[in-house]
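The two chains are supplied separately, each in an independent frame; assemble them into the complex guided by the hints.
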Amino acid sequence: MDTLAILIPVSLLLGGLGLAAFLWALRSRQYDDPEGDARRILDDQWDHRPKP
Amino acid sequence: MSLADGPLPSACPACVALPATEALAESRRRAAAAGLVLSVPGLKDAAGMALAERTLAALPGVTAARVNLTLKRIGVTASPDITPQHLTEALSRVGILALELDPALLSTRESERRGRDLLMRLGVAGFSMMNIMLLSVAVWSGAEAATRDLFHWISAMIALPTLAFAGQPFFASALASLRARRLGMDVPISLALILSSAISLYETIRGGEHAYFDAAVSLCFFLLIGRYLDFRSRAAARSAAEELAALEVPRAVRLADGREQLVPIADILPGDLVLVRPGARMPVDGVVAEGASELDRSLLTGETLPVAVAAGAATSAGEMNLTGPLTVRVTAAGRESSLHRMADLVAIAESARNRYMSLADRMARRYSPAVHLLALASFVGWMIHSGGDVRLAVNVAAAVLIITCPCALALAVPSVVTAASGRLFRKGLLIKDGTALERLAEVDTVVFDKTGTLTLGAPVAAELDAHRPGDLEIAAALAAASSHPLARALAEAIAARGLLPAPVSDLRERPGYGVEGLWQGRRVRLGRAAWLGAEAGAETATWLAVDGQAPVEFRFIDRIRPGARDAVAALTAAGLRVRLMSGDARAPVAALAADLGIADWQAEMLPADKAAAITAETAGGHRVLMVGDGLNDTVALAAAHVSISPASALDAARVASDIVLLGQDLAPIADARRIAVTARRRIKQNFALSLGYNAVAVPVALIGLATPLIAALAMSTSSLTVTLNALRLK
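Keeping their order, the protein sequence lines are chains F and B.
The first sequence begins at 51 in my numbering and counts up one residue at a time.
The second sequence begins at 94 in my numbering and counts up one residue at a time.
Okay, chain B solo, but in the shape it has when bound (with noise of 0.2 Å):
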C-alpha cells in the first residue's frame, strides 16, 4: 500500500491537506483486508449489487459488506463467529451464487501497487504531452526567434522531467534486456527517447528549428497506454488463477487424542487420522480405519456409479464421500497425493504447450532489429551524403527512430485483448493465460468429456410415472431421511410431483448400505441393490424393499448442463469437429451423444487414453480444444492446444486449463472461439495498420524531411486507429 510507504509525495496537496479522512479510509481498508472475501461470478447490474450488500448487512455479526463489480468480489468485515458458509448460504437464499475464497492467497497488494504506479507515469506523462503540444502548435504555426526558443525552453523544463520519471519502465527493461545481451522492443524505444530529447536540447540550446519534445512525451504516453493495457489483461489471468486457487480452501478434520480439529492439509502428515463428513471431498490419500460409506469417484475417473467402501479400503484425494462418516488413516497428504502427482504429469504436457509464441513477439522479434538497422542506415547514409554533418544526420537518425518507435504495434496487441478479455469477462469466462486467446482461434478440434462437463454430474429421477404412488411415497420418506445425492434427487423429484411422503417411523441411515425404517409395522429399506438382495444394473439406481414385496428399482440420469446442446450445435455449425471421451460406461455415453449430436464419440477411456488420444490429433495436424472437469482430464486438457473447465471441476483440473467457465452454462465456449476468432484477426489488422503508416513516414524520415509535425500527426493518427479498430470487437 502506497501510503503506508512513507511520506506523501508533495504532488498530492490534496491528500495532505485530508489526513483524517485517509487515516479512517485506511483502516476501514485494513479491516476488510482482514476479513472474509466472496467471489460472485453472476452479479452484474445495480440491482444485484445492492441486493447482495443489503443481504449480507442484515445478517447479524456483519459489520459491513462491499461488492467490488469490477473484480466480482464481496469484501465482507464480520465478527470472528461468522463462517464464509453462512453468508454464501445467506446469498443462495436470494438467487446469488457465491464461493468462498482464500484471502491468504489473493495477493493483490503488489500489482495492486504496480498497476497504480503505471497509472500514475502515465498520468504525468499525458499532462506534459498536452502541455508541450499547446507550446509546440504555436511553433508549427510560425512562432518565430526569440518566442520560438522560449517555447522550445518551456518544453524541454517540462520534457526532461516528465521522460526521466514516465520513462522508467523502458529505461528499466531495456537495460534488463541489454544486459541479457538481447534486442527487446524496448532498446529502440529507450533510445528513441534519449536520442530525441538529447538532440532536441542541443537544437534548443543551438536556438535550432526542430525540437522534438513533443514527439518523444507523446512516444513516452502513448507506449505507456499499451503497458498499462498490457498490465491489466496480465494481471487480470493472475488474479483469475489466483482466484482458482482460492476457491478451494483445503482444510481437514484431524483427529488427535480423540478430538477434533480443523487443520490446513499442508500440515497432515501420514500416518495421522483425518474424519471425512458425509458430502466433504476426501482430502488425502489414505486407508479407511473405520466406518462404511459410499465413494463417488466421478471427478478422478468419470465413473457415474458410487463406490462402495469399508474398513481397510484405499481412497484418494478428490473423491466425494456420500453417505456415512469415515476416519482415514493418512497415507500420502499434500504433495505426495495422488492428486498432486497428476500435477507432475500435467509440467510435462503443459511445457510443450509454453513453447508457443504469441503474435506480439513474433513480430517483436522480426521488428526490432530492423528499426535498428534502418535508424543506424539513415545516419550513416546522411554522414556521406552531406559530407559529414553530424548535427544533421543524428537528426535524420533520430526522427527515424521516434517515427519508426513501434507506438501503434505497442497498442496493436494489449488493445485488442482488453476489449476481448472483458467481453469474456462478461459472458462468464475467465482467461488465465495471456496468449489463450490466440491459441483458441486456431483450433479445428473440440473434445468434450461427459460427466461434470456436458452432464452436471448431478443424477435426476427418472420414469417415476412407472412407479405405484404407494412405492413413491414410502421412498420419498425414506429418501428425506438422508443426504446422499441419490436419495436427495429421488425425495426431490417425488416432492416435485405434489406426492407426501408416506408416514416411516424410526428412520435409520445404515452408511454405506441405505435408509431403513418401519411402515405399517413392515419394514422398509431404500439403499443399494446388493443390501436389498437385488440384481444392480448397469445403471445409476436406487432399489425400494417393502417387506414382502419385490425389490422395486429407482432409475436416475445424468441432466445435461444447460447450453451444452447449443455450444454444441454452434461449434460444429463453425465448421469444427466434435468428439466426446468419457470414462464412463458405454450405455449412457452412447445416449449422451446421440442425445446432443455428436457422432465421434468413445467410452471408457482412462486418463492416459485420453492424452494420448488428444496428442494422436495433435500429431496429425489438429490443434485441439478440450474442454473437462475432471481429475481423468487433467492430462489431456493440459495436452490440448488450449482447454476450458467449468469452475465447479476439481482444482487440478482448472488449474492444467487456460480459460474456466464460471457459470453453468456451456454456451460461452462457442461464443468465446468466435470472439477469439474475431480478436486474431483484429489484432492482424492492427499490425498491418501500423506497418502501413511506417510505409509512408519512414520514406519522409529517411529523406530528411520529417518535422515534428509529421511525427506527431503519424504517431497520434497511426495508435488512435488501432485502438478504435480493437474496440469494434463484438
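Next up, chain F with everything else stripped away, as it sits in the complex (with noise of 0.2 Å):
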C-alpha cells in the first residue's frame, strides 16, 4: 500500500502533464484547421532541400 503514495501522485502528475500539453494546443490554434494540416505533411515542395 505504501507505494500508492508514490502511484497516485505520479499518475495525477502525467495526467496532468497531458492535460496541460492539449491545453497549449487550443491556446496556439493548432485546432483551428484540423484537415488542412493533416494534409499539409503531404505537401513534396521541401522534400529535396530545406525549407529556406
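Be aware that one or more of the hints could be misleading.
Pair by pair, the computed Cβ-Cβ distance ranges are [unchecked claim]: (1) B:176 with F:62: 32 to 42 Å; (2) B:520 with F:68: 31 to 41 Å; (3) F:79 with B:788: 43 to 53 Å.
Treat the hints as calculated values from the structure; they're not laboratory data.
For glycine and all other residues, C-beta sits at the position ideal for the given N, C-alpha and C.
Right under this line is the structure:
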C-alpha cells in the first residue's frame, strides 16, 4: 500500500502534463484547421532541400 | 482572442515558457486578420492547397498566403494596392475557383472563443474522468476500509473542482431556463450533477460504500461532447451564413463634383448619381440619367432576353448592366431598395417555417418532465418503504437521476448532424439552418426554377453550321470588340471552330445597340434586331448586317447546368414529384422540360405566382423543396418547406434558402436528400437506442440496486453506441 503514496501522485502528474499539453495546443490554435494540417504533411515542395 | 484578454493562467506552463513565439504568432495573426480573405469552395487536397499558396505567394506584393482547409478559406497578407480581383484572377488561371469575402462581416472571433472555451472544459473533464475512473476501478474490484476512503477522498478532490469548472455551461443554462419558468434539459442535468456530487461527498465523509464521483464527472464529459458537437454544427451554419453575406461586397461608384468615389452602398443617399459600368450589377434603384445600355434582368424576373434602356428608364437593384456605362440617379438605396423590400416578404414567409420544431426539441419536451417525476417518485417511494431513511432515499433518487440523464440523448442528434453536414460540406453543400436536414428528409415534391438554376444563365451560340464562314469571320471580329455576354459567347464559339476573325477596322461599340466597323470598305454591324432593321424573334439572338445584304440571325441557347439531368433523374427515381416553374417565355421552358424529362412545368410565372403555387402545394399536404436562384424565386424559397440555392444566386435568394450549393454541379442535391433521409433514420435509431438503455437501467436504479459501476457502464456504453451509429452515416 505504500506504493500508492507514490503512484497516485505520479499518475496525477502525468495526466496533468497531458492536460497542460492539450491546453497549450488549444491556445496556440492548433485545432483551427485540423483537415489542412493533416494534409500539409503530404506537400512535397521541400522534399529535396530544406525550407529557407 | 483569449491571449489578449489577460494574464495567462498557470494551467498552461508551456505558454509561459514560450512568450516570444506566442507574441510572434499573435502579431502574425493580427496581420492576417487585417488582410484579405478568399473563399475557395473547390479546394480538397494537399496538392490544391500547395498550388493555391504558391500561386498567391508568387504574386508581387503578397507577403503571405495560408489556406485553412477546414473552413475552405485563404487568408492573404498583401500590400494595400493588391485587390481581391488580382488574387481571384491569379487563382482562376491555375484552375482554382476563388470568391472574395468581406473580412469585416466574418465575425468568427466570438464563436471561436466560445468553441475553445467548451473544448477546454471538455479537456479538463476528460482528464478528471480518466483519473477518477482509475481510482474507481480499484474500489469496484474490492478496495476496503481505509484504502476505499482514501480513494474516495482523492476522487472528491479531483471531481468537485472539475464539476465546478466544467459544469458551468449546464448550470448557467439551467438557471436561465428556471428564471424563464421552464424545465429545459439542463435542469435535470444540473440537478444530477449537484445532487450526485453532494451525496457522494456526504458518503465519503461518513466512510460509506458508494460514491458517484466517477459517474458525475463522466456524465459531465459526455454531455460536454454533445454540447461541443452541437456548437460546432451551429457555428458552421452561422459562419456559412456570414460567409454568404460576405460574398457580396456591396460597393457603388458615386459621382460627386465630377469625381468618381468608391463608397459602401450604405452611404448612398437618394438623389446621388451613381456610375454603373458594363458588367456590373445595379447597386441601387434609380432612373437612368445618362447613357444607353442593355440590362440583364434574369435574376429578378427570370427573363433571358436583355432589355434596352436609355435616359429616363427605371432600373432596380440587382439588374446586370451589359453594354454601356450608365449614370443612374438614385431613387432608393439600401433598406428602401426593391431588393430589400423583397426581404420583408421573405421575413413573413419565413416566420411560418420557424415554427418547425426539431426532433430533438420534441424529444426534450417529453423527456425532461418524466425524468424529474421519476426521480421524485423514487425518493418518495423509498422514504415510505424504508420508514424515513433520508440517506437511502436520496441515494436512490440520485442514482435514478444519473442513469436517466440524457447522456446518449444529448449525443443522439448532434453526432448525426455533425456527421451528415460534414459529408454534405465535402460534396459542396453549405447547411445554413440546423433543422434544414430534418426538413429535407420530409420532402416529397421538388420545384426547380429554370434560368440560373437548371441552366447556367449563360448563353451559348447555337446552329453555327447554318451560317456562311465569311459571315462567321466578320461576326467574330465584331463580337471580339464587345464585352456583352452574347458577343463574348459568339466570339468564343466561332474561335472554337478554328475560324479567324476577318480584318474589320474602325470598330466602335454603340452602347445599347451593338458594335459596328468597316470591312472591305463596307459598313458591318452586329447587334440588336431593331437597330439593324430586322424582325426580332422570341428567342435570344443577335444579328449581323453587312451593307447591301439581308441581316443574319445568330441564335443562342442557355446551357444546362452540369448535373441537372442527373439530379432530376435521381430525384424522380427516388419517388419525388419534380416540377419546373419559370418566369421565362413558354418556348424555352417547354424545350428544357422536355430535355430534362420534367412533365410538370409552368412558364411566365410572376414571383407571387410561384409563392402561391408553393403555398397551394403545402396546403395540399405536400412538403416542397424549392431550388432557385433569382429574386423572383426569393419568396417561393422562403415559403417552401426547405430550399436550396446555388452560390451564383442573388444575395437575397441565398439569404432566404436553407442550403447553398457551392459548386456549379446540381447533382449533390439528390445526394443531399438521400443523406438527409439516412440522417433522420439514424437520429430516430439513436433515440430508440438510448431509451432502450434507460428501459433496462432505470428499473435497476428504482429498486435501489444501482451501483456506481452499473451507472458508469450504462452511461458509457449507450454514449458509445449512439456515436458509432452516427458515424455509420454514408
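Hint check results:
| no. | hint | in the structure |
| --- | --- | --- |
| 1 | B:176 with F:62: 32 to 42 Å | 56 Å, violated |
| 2 | B:520 with F:68: 31 to 41 Å | 36 Å, holds |
| 3 | F:79 with B:788: 43 to 53 Å | 44 Å, holds |
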